[in-house]
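Assemble the whole structure, with the sequences as input and the hints as a guide.
Number of protein chains: 2
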Amino acid sequence: MKKPKIMTMGEILVEIMTTQIDQSFRRPGNLVGPYPSGAPAIFIDQVATLGIACGIIGCVGDDDFGRNNIERLAQDGVDISSIYKLNEHVTGSAFVTYLKDGTRDFIFNITNSASGQLSMEHVQEAYFKDCTHFHVMGSSLFSFHIVDAMTKAIEIVKAQGGVISFDPNIRKEMLNIPEMREALVLILEYTDIFMPSDHEIALLTNTNNEADAIKEILEMGVREIIIKRGKEGCCYYSEKEKIKIPAFKINELDPTGAGDCFGATFIACRAKGMDARQALIYANASGALAVSKKGPMEGVSSFAELDEFILKN
Amino acid sequence: MKKPKIMTMGEILVEIMTTQIDQSFRRPGNLVGPYPSGAPAIFIDQVATLGIACGIIGCVGDDDFGRNNIERLAQDGVDISSIYKLNEHVTGSAFVTYLKDGTRDFIFNITNSASGQLSMEHVQEAYFKDCTHFHVMGSSLFSFHIVDAMTKAIEIVKAQGGVISFDPNIRKEMLNIPEMREALVLILEYTDIFMPSDHEIALLTNTNNEADAIKEILEMGVREIIIKRGKEGCCYYSEKEKIKIPAFKINELDPTGAGDCFGATFIACRAKGMDARQALIYANASGALAVSKKGPMEGVSSFAELDEFILKN
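Chains as they are written, first to last, in our numbering: chain A, 20 to 332; chain B, 20 to 332.
By construction, these hints were calculated from the structure, which means they are not laboratory data. Incorrect hints may appear among the rest.
Think about it this way: if two alpha-carbon atoms lie no more than 30 Å apart in a straight line, the pair counts; the simulated DSSO-like pairs of lysine-lysine are [unchecked claim]:
(1) K234(B) <-> K250(B)
(2) K171(A) <-> K234(A)
(3) K313(B) <-> K268(B)
(4) K191(B) <-> K104(A)
(5) K291(B) <-> K263(B)
(6) K268(B) <-> K119(B)
(7) K263(B) <-> K234(B)
(8) K171(A) <-> K291(A)
(9) K24(B) <-> K259(B)
(10) K313(A) <-> K313(B)
(11) K104(B) <-> K191(A)
(12) K104(A) <-> K119(B)
(13) K171(A) <-> K191(A)
(14) K250(B) <-> K291(B)
(15) K104(B) <-> K119(A)
See below:
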């Protein structure tokens with residue numbers, strides 16, 4: 020058996036947060052950051068923290084925001100040799116403020132940042148030599164040249180017998196572009212493990228009904244579907260199995276990164292040979308620990324931390 | 020006499036500052052912001068605060084960073100009708116940290132921000148109807164399409180008998196591009212009032228010697244040169260006059276914006292009909308008050324504040 024090597028690709032950002040609820044970016048105030056962030060970066064950092072060989076393809080600027088990310092990822096064990104430092108673009112950023120109603124408000128600089136320059140030239144076949152698993156973050160698919168790059172990476176990994184997982188956290192506006200929708204359906208057709216949040220299950224199907232959407236996706240050839248239901252836990256569907264796991268109860272401090280840590284932990288556990296139920300329990304624990312810490316990538320957990328948490332809860 | 024209307028054009032940014040000396044952007048930490056910023060924006064806000072009719076041409080994103088700036092400028096009396104809100108680009112930003120040796124370290128998102136999209140189409144002749152004075156900030160001249168836009172604005176104002184002032188706070192890299200250097204020399208040839216810092220006086224001349232540079236620039240047709248010397252005060256040169264004014268002693272808290280407030284106050288005082296010496300004293304006071312407040316645009320002063328400060332110092 021090949022040494023498992025999990026890879027992903029996409030935006031590597033810094034996040035700057037307000038310190039007060041309902042704090043507006045229309046006035047100066049106290050902030051905290053820059054925290055390393057970006058959904059694929061959080062995902063892969065969680066994979067590395069579980070001791071699995073892994074890497075990320077992405078672009079940052081040649082600036083301290085980029086170094087902030089690269090140093091954290093390297094320190095946690097992520098292979099950073101395919102993170103490109105661009106001279107003409109700054110590292111992407113996300114400013115986030117938390118509103119009274121529990122939602123978040125963002126100001127993003129991604130499309131015109133280094134992360135927006137990711138393209139097929141950054142996808143080098145040699146880098147995938149040991150790759151057995153490639154994870155696609157829907158948030159990364161905000162331009163056609165990135166979709167092309169993603170498709171190239173998927174085809175390389177599929178051709179060598181690897182597994183594709185897909186977390187479709189896509190911006191709604193993207194789905195209104197017909198060619199973008201087609202590209203996403205194509206990615207879903209390549210997918211082995213589909214990991215939507217509950218409101219995303221029918222995003223790319225011909226039906227709006229959850230049960231029909233699950234059936235349709237399994238019939239497309241997707242082997243496993245994991246639906247993330249937040250405080251309601253998660254559900255797992257395959258041809259043969261249906262599993263429901265309740266969520267752990269936890270005091271939510273910062274929801275950013277919870278879904279990424281959940282997905283990373285499920286994939287990492289499966290790569291270690293665990294069955295779906297065991298992987299889901301760990302994934303639930305990982306999501307719960309992620310929301311209990313402030314900062315997008317601050318809530319990643321080791322197996323020791325997950326075991327301790329599961330034992331206590 | 021026409022009602023004086025001072026105008027400028029260029030980058031409108033938010034600034035985010037660290038709270039500790041030597042704080043790095045490679046690690047999360049406490050920050051404060053977003054403050055309204057951008058050299059031309061600070062300049063025009065100081066002009067407005069002195070009660071002079073004025074306006075700025077610039078681009079921001081359709082986001083709260085843009086609204087942060089627009090609301091502050093409008094509140095202080097700047098005409099904001101030529102600030103364009105762009106959909107595809109975020110408002111520019113500058114992260115700044117203060118180092119132990121007194122220097123500053125920046126991470127800029129300007130070139131690929133809304134501010135970098137400024138071009139000739141944003142320079143509408145009708146907007147200049149009442150304009151008697153146009154101020155050029157060298158920091159704004161970071162692309163050829165902005166230089167073209169600036170040249171168009173200068174030619175409109177010159178054609179209707181207006182005055183051009185030029186503060187050449189240019190990034191050094193720009194001067195290494197031969198065509199950019201030529202464009203800047205062209206702007207200097209149009210200039211009536213040149214306002215460099217001491218290290219900038221010979222940037223665009225054929226000599227490195229200050230006295231020769233002053234002579235060369237006056238011979239080009241520039242009518243007045245004001246050299247900003249920081250703690251050493253300022254010097255004024257014209258064909259007939261040479262004036263030296265010492266600086267006020269002040270506890271420096273934040274140097275950002277001091278040169279912009281100095282320049283704005285000199286121009287505003289001249290527009291009100293004061294002689295050069297009187298305008299320089301007010302300009303010195305304005306620069307001194309600017310550095311005594313944290314935040315790039317937070318240190319602008321009214322005539323009442325300037326008079327009170329001058330009386331006490």
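A quick look at each hint next to the structure:
{"no.": "1", "hint": "K234(B) <-> K250(B)", "in the structure": "24 Å, holds"}
{"no.": "2", "hint": "K171(A) <-> K234(A)", "in the structure": "28 Å, holds"}
{"no.": "3", "hint": "K313(B) <-> K268(B)", "in the structure": "17 Å, holds"}
{"no.": "4", "hint": "K191(B) <-> K104(A)", "in the structure": "22 Å, holds"}
{"no.": "5", "hint": "K291(B) <-> K263(B)", "in the structure": "21 Å, holds"}
{"no.": "6", "hint": "K268(B) <-> K119(B)", "in the structure": "21 Å, holds"}
{"no.": "7", "hint": "K263(B) <-> K234(B)", "in the structure": "17 Å, holds"}
{"no.": "8", "hint": "K171(A) <-> K291(A)", "in the structure": "26 Å, holds"}
{"no.": "9", "hint": "K24(B) <-> K259(B)", "in the structure": "27 Å, holds"}
{"no.": "10", "hint": "K313(A) <-> K313(B)", "in the structure": "28 Å, holds"}
{"no.": "11", "hint": "K104(B) <-> K191(A)", "in the structure": "22 Å, holds"}
{"no.": "12", "hint": "K104(A) <-> K119(B)", "in the structure": "28 Å, holds"}
{"no.": "13", "hint": "K171(A) <-> K191(A)", "in the structure": "24 Å, holds"}
{"no.": "14", "hint": "K250(B) <-> K291(B)", "in the structure": "27 Å, holds"}
{"no.": "15", "hint": "K104(B) <-> K119(A)", "in the structure": "28 Å, holds"}
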